[in-house]
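Residue numbers (this note's numbering), protein chains in the order written: chain A, 1 to 112; chain B, 1 to 111.
Keep in mind the hints are simulated off the structure, nothing from the lab.
Glycine residues also receive a C-beta, built at the ideal position from the N, C-alpha and C atoms.
Treat the hints with care, as some may be off.
Pair by pair, the computed Cβ-Cβ distance ranges are [what the hints assert, rightly or not]:
hint, chain 1, residue 1, chain 2, residue 2, range
1, A, 52, B, 106, 35 to 45 Å
2, B, 82, A, 20, 20 to 30 Å
3, B, 41, A, 27, 33 to 43 Å
4, B, 69, A, 110, 38 to 48 Å
5, B, 56, A, 20, 36 to 46 Å
6, B, 55, A, 79, 39 to 49 Å
7, B, 55, A, 38, 44 to 54 Å
8, A, 18, B, 56, 24 to 34 Å
9, B, 20, A, 79, 39 to 49 Å
10, A, 22, B, 59, 25 to 35 Å
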Amino acid sequence: NAGVTQTPKFRILKIGQSMTLQCTQDMNHNYMYWYRQDPGMGLKLIYYSVGAGITDKGEVPNGYNVSRSTTEDFPLRLELAAPSQTSVYFCASRKAEQETQYFGPGTRLLVL
Amino acid sequence: GNSVTQMEGPVTLSEEAFLTINCTYTATGYPSLFWYVQYPGEGLQLLLKATKADDKGSNKGFEATYRKETTSFHLEKGSVQVSDSAVYFCALGNQGGKLIFGQGTELSVKP
């Protein structure tokens, strides 16, 4: 199993540009999560999904959108990039009956 | 609401020193508690967890005990190695299986 994979690893965006951060898991996990990690701030939940077709907002959803058309994929969309979205983004997944989350390697995003 | 507070870093130790990273929490009920570790350039991975009061989680020489009376889950290791250099996150399990993380504590171990 590859686990949770994320692409790209690093990206520079200009203000106002859009992009999609990709996340795929091959563990057949129902639950998937997107976090952002800012220096010294821990991880904040952006969006999460409990299964295909079901998504919900986390703590910091503004400026982001998600979709979950399959169990495996959970892309995160930034429509109008802002400098405040400069961060490291982590995707995670877990089985429905377990609490442990499995994380991807992260995407580092720089908005200039 | 539920929250987690960790001791601030960075923490710098010499190899073979004793490590304690403090973590306290505020929660209704009795959530599961976790320690995740993030090695440089990598994602987070579970280090250990405890699901109820007085449980001790352990892994790779690290230990943490779920203390209900002090609402704490301090991480300890008797003898750290250079390879333990990483950022350590305390977290609690919230409703719906979501995690609430502390701010992270960076550990640097010098040879």
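Here is what the structure says about each hint:
Between residue 52(A) and residue 106(B), the C-beta spacing of about 37 Å keeps the proposed range 35 to 45 Å intact. Checking the proposed 20 to 30 Å range against residue 82(B) and residue 20(A) shows it is violated: the Cβ atoms sit about 38 Å from each other. Taking 33 to 43 Å as the suggested C-beta distance range, the pair residue 41(B) and residue 27(A) does not conform, at roughly 22 Å. With their beta carbons about 45 Å apart, residue 69(B) and residue 110(A) fall inside the hinted range of 38 to 48 Å.
The beta-carbon spacing between residue 56(B) and residue 20(A), approximately 42 Å, falls within the hinted interval of 36 to 46 Å. Judged by the Cβ atoms, the range 39 to 49 Å given for residue 55(B) and residue 79(A) holds: they are separated by roughly 44 Å. A hinted range of 44 to 54 Å is violated for the C-beta pair residue 55(B) and residue 38(A), which are about 31 Å apart. A hinted range of 24 to 34 Å is violated for the C-beta pair residue 18(A) and residue 56(B), which are about 47 Å apart.
Restraint check, residue 20(B) to residue 79(A): a C-beta distance of roughly 44 Å satisfies the suggested window 39 to 49 Å. Distance hint check for residue 22(A) and residue 59(B): the Cβ-Cβ separation is about 30 Å, which falls inside the suggested range of 25 to 35 Å.
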